[in-house]
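Participant: The residues making up each chain are set out below.
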Amino acid sequence: MTQTLGKLAAEVGAVLQNADPDCEITGVATLQHAGKGEISFLANAAYRKYLKDTRAAAVILSPEDAAGYPAAALVSSNPYSSYARIASLISPPAAARQGVHPSACLDTDCQVAATAWIGPHCIVEKGAVIHDGVQLAGGCFIGANSNIGADCRLSANVVICHGVTIGERVKIAPGAVIGSDGFGLANDGGQWLNVPQLGSVRIGNDVDIGSNTTIDRGALEDTVLEDGVKLDNQIQVAHNVRIGAHTAIAGCVGISGSAVIGKHCLIGGGSGIVGHLEIADHVIITGMTMVTKSISKPGVYSSGVPAQENDAWNRNYARLRKLDTLARKVLSLERAHAAAKRRGNK
Amino acid sequence: MTQTLGKLAAEVGAVLQNADPDCEITGVATLQHAGKGEISFLANAAYRKYLKDTRAAAVILSPEDAAGYPAAALVSSNPYSSYARIASLISPPAAARQGVHPSACLDTDCQVAATAWIGPHCIVEKGAVIHDGVQLAGGCFIGANSNIGADCRLSANVVICHGVTIGERVKIAPGAVIGSDGFGLANDGGQWLNVPQLGSVRIGNDVDIGSNTTIDRGALEDTVLEDGVKLDNQIQVAHNVRIGAHTAIAGCVGISGSAVIGKHCLIGGGSGIVGHLEIADHVIITGMTMVTKSISKPGVYSSGVPAQENDAWNRNYARLRKLDTLARKVLSLERAHAAAKRRGNK
Amino acid sequence: MTQTLGKLAAEVGAVLQNADPDCEITGVATLQHAGKGEISFLANAAYRKYLKDTRAAAVILSPEDAAGYPAAALVSSNPYSSYARIASLISPPAAARQGVHPSACLDTDCQVAATAWIGPHCIVEKGAVIHDGVQLAGGCFIGANSNIGADCRLSANVVICHGVTIGERVKIAPGAVIGSDGFGLANDGGQWLNVPQLGSVRIGNDVDIGSNTTIDRGALEDTVLEDGVKLDNQIQVAHNVRIGAHTAIAGCVGISGSAVIGKHCLIGGGSGIVGHLEIADHVIITGMTMVTKSISKPGVYSSGVPAQENDAWNRNYARLRKLDTLARKVLSLERAHAAAKRRGNK
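Chains as they are written, first to last, in the working numbering: chain U, 1 to 346; chain C, 1 to 346; chain A, 1 to 346.
These are computed hints drawn from the structure, not numbers from a lab. Treat the hints loosely; a few may be bogus.
Heads up, the list lumps identical chains together, so a pair's fine if it works in one copy or across two of them.
Simulated crosslink set (DMTMM-like; lysine to aspartate or glutamate; CA at most 25 Å straight-line) [as the list claims (entries may be wrong)]:
#: 1; residue 1: K297; residue 2: D188
#: 2; residue 1: K329; residue 2: E278
#: 3; residue 1: K322; residue 2: D311
#: 4; residue 1: K171; residue 2: E221
#: 5; residue 1: K36; residue 2: D22
#: 6; residue 1: K297; residue 2: E226
#: 7; residue 1: K171; residue 2: D20
#: 8; residue 1: K36; residue 2: D107
#: 9; residue 1: K126; residue 2: D151
#: 10; residue 1: K126; residue 2: E168
#: 11; residue 1: K7; residue 2: D324
As the structure is a computational prediction, the values presented were derived from the model and not from experiment.
Input sequences plus hints: build the corresponding full structure.
Facilitator: What follows is the structure in structure tokens.
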């Protein structure tokens, strides 16, 4: 959708510099590949080297980067969020559809708003409520008595189990599963009894859930994702987990049962969170870290082990297997040294 | 489903203490949140603090916790399994349905028991056999010549590939995929040839399979899950793996090809098992552990690295990269110390 | 499909030894279990012990293993690839079907080749192009303007989002999701803005994609998988990743955004690759390794920590948490030792 630079700057509160407000913008692109009519941005210092040769019609820049920049710029205190807004204006999401595809199977007892779209081969069970503007792409399953808030967008083949409550404007990627039974087992003489999972899942507003991510229903009470939580792909959220507002979690993270994660946290990809612990607000967990204890202070926490050449790693790892013995040797040497020193001082 | 305390105690072999056998129980709840008509339980010492203030109509307790407990209790040698049975009685799973939804696509050559339910948009291919009481929620794919045992419950969008055999009372969560081709590749001059995957998958009775878990078919022989195996979500089971009876595996575990896992094992979330090895019965693997060699003795095995504050971890990790050098220095100091001692003793 | 030994040997360029070229082969099997009419192979030294007792009609062997072997053999310089070809000849994949199942929903504006098969409950959106011989098993979603190359085989419930381009002979396992939005977020005063994901995914020829694997579309440019890439199950490929030709990646690997992986690499299961780095051609990453920096030289790289008995690991890990302190102690001892030596030499 073509927009003028002046309109875009006004929409995001940016200031034009060396720029014609009537210049028409038809697309967004990287600094390296932008051409006529395209706007670009600089939000990562690694890409600053491309700035001087860019052919972008204008570049969204921080005040620091804009100082002395001789070509057209939109100056913003947060170039990346300004870019996100501008890209949304120029390339808006597909227009919402309305109606029910004839191949969809709706229980006679469900409620579907007239402004919602139920795509091909969707299933909506008894008692489910689909609010205004909801978009179900196709092949989605909406279980009995679940409630899908206004303007949610579910991509293809999403499964929402029975009794799940989802807020407004929640975006769910293909293959995600919300509300299946938690992994609750009681050992009964060496065999496992399934513990009925009687809670559900409650999801706030403006949450994103990635492809093939799974969120289990609670055992007795609910699994909860607060407003603005962002989950990447292939994340596993176990029963009775609570994730605080505006926390973002990267792909392949596993969160065990009853873990409570604070607000505004960042959790790196491949990390694992043990169950029944609490993580404070504003905690950052770097990639492939295992969190085994509660974290009560904001800060950055890690345990991922970066790669080495295999030969070196094998030698180091062989020592790690006996690190306690090594530490005892050092202690013994320290004692011997101290004793020798005492003798020398006599 | 309302039940009396007396009936519940009798069903699970528990003994009433300070309790009216005619008291009606309508639900289950946590100690903290139970109210009138609700039964609760204490199975984890961390929750004992809630016992004295609970408003539960009765609490399922071990003999130790029941001793001196002044309110209504069901005394059981295994409170958690008693709770699981009682919760199943009070909140039984949704009643089984029967019939074939008109939107389902059944090959003319498949067999579906009259007491089974084939939900909307399911596909049942040629030669597949669906036994009594099986429940397919919706959007399931049952491949050619597969065999689904009595009373299995498949949630939405489950995929069973061709020729897979599944026992009775198996519960499969949404998005699970059973029997797709194993990752068999032969290198042929730098390019990869697919090795036909001609085995299948055989699953015993009373197995549970979590959401988006994947189990590959064998290369020549079958991938096998024995009776009572419990798999959480997002687990990857490669071709020709065998998992022994009553082994429980937490989420996000990956098991490489031809690994043989014993009976009654517990495998923690995020762990990885290398292929072509054997793990004995009654082995416990803690979370995020990598098993690279066979384990022949029952016991607990680990290699997960718990998180630290990032600064401390970075300093420690920098030393780990050179741990072999550090160990050599210690050895050298030990030798020097021994030599000095010998000189001193002369 | 029955074949003679002579025909099979000719097809794969193997040489018969002690073998009747007219012997009819009806199947393939392991050395241990092969019987009359079945051909086997030896490609892994661990199985050599089964060679002398095998009842296989013939065995595919390397020249070294064939030397002195008294029974029927097909001698090949690459027994495993010869086996793969022979198994494909004896057990060819299911024959391709043609047509459109009446339950499939095709937009009036899509193009489907007459020789393609669109299975039950598939959805093909506006502008999508399905080329000759493509097989969609059932429940697949093909998004608007996507392009599926000739002879691709998509298993059940595969999701291809809008605008994705897939080459020829690509094999996609059930539940895989290609082209959903990358995890692009801009922080805006503590809340997250979604950054529109305007790139797409381009996949070359002869690529395999495993069950429930997810590949995100690019933010501005495309996510790219070159020819012959082989991905196992449950892999996460983030936006703008590029994977070089003939690279094979095992299950449960996570690859962060904008990582560039070379050609002919092997990446072990459960590994994690940090974003915005480059990995050279012919790099091998062993299982559960975390790659945090670019790798510019071919070779083997590792950081996975193998399991120990839990007690030993706990002791070692407790030392690892203080490894920097230990290293400082060793340094201090070395200094003290050197000083003592200097004094002793005076």
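Participant: Pop the pair K126 and E168 into one bin, within, between, both or neither, using alpha-carbon distances up to 25 Å.
Facilitator: Classified as within; 21 Å inside a copy, 28 Å across copies.
Participant: Between K322 and D311, at a C-alpha cutoff of 25 Å, which is it: within one copy, between copies, both, or neither?
Facilitator: Both ways: K322 and D311 sit 18 Å apart in one copy and 12 Å across, limit 25 Å.
Participant: At most 25 Å between C-alpha atoms: does K7 with D324 qualify within a copy, between copies, both, or neither?
Facilitator: Classified as neither; 65 Å inside a copy, 56 Å across copies.
Participant: Under a CA distance limit of 25 Å, which applies to K36 and D22: within one copy, between copies, both, or neither?
Facilitator: This pair counts as within: shortest intra-copy Cα distance 14 Å, inter-copy 69 Å.
Participant: Cα distance capped at 25 Å. Does K297 pair with D188 within a copy, between copies, both, or neither?
Facilitator: between (40 Å within a copy, 23 Å between copies)
Participant: Is the C-alpha distance from K171 to E221 at most 25 Å within one copy, between copies, in both cases, or in neither?
Facilitator: both (24 Å within a copy, 22 Å between copies)
Participant: If the cutoff is 25 Å on CA atoms, where do K171 and D20 land: within, between, both or neither? Let me know, please.
Facilitator: neither (36 Å within a copy, 50 Å between copies)
Participant: Which holds for K297 with E226 at a C-alpha limit of 25 Å: within a copy, between copies, both or neither?
Facilitator: within (20 Å within a copy, 45 Å between copies)
Participant: Is it within, between, both or neither when you check K126 against D151 at 25 Å Cα-Cα?
Facilitator: Answer is both: 21 Å inside a copy and 23 Å across each meet the 25 Å cutoff.
Participant: If the cut is 25 Å between Cα atoms, do K329 and E278 qualify within a copy, between copies, both or neither?
Facilitator: For K329 and E278, neither the intra-copy (37 Å) nor the inter-copy (35 Å) Cα distance is at most 25 Å.
Participant: State whether the alpha carbon distance between K36 and D107 is at most 25 Å within one copy, between copies, both, or neither.
Facilitator: For K36 and D107, the Cα distance exceeds 25 Å both inside one copy (52 Å) and across copies (34 Å).
Hint compliance for this structure: hints 2, 7, 8 and 11 are not met, and every other hint is.
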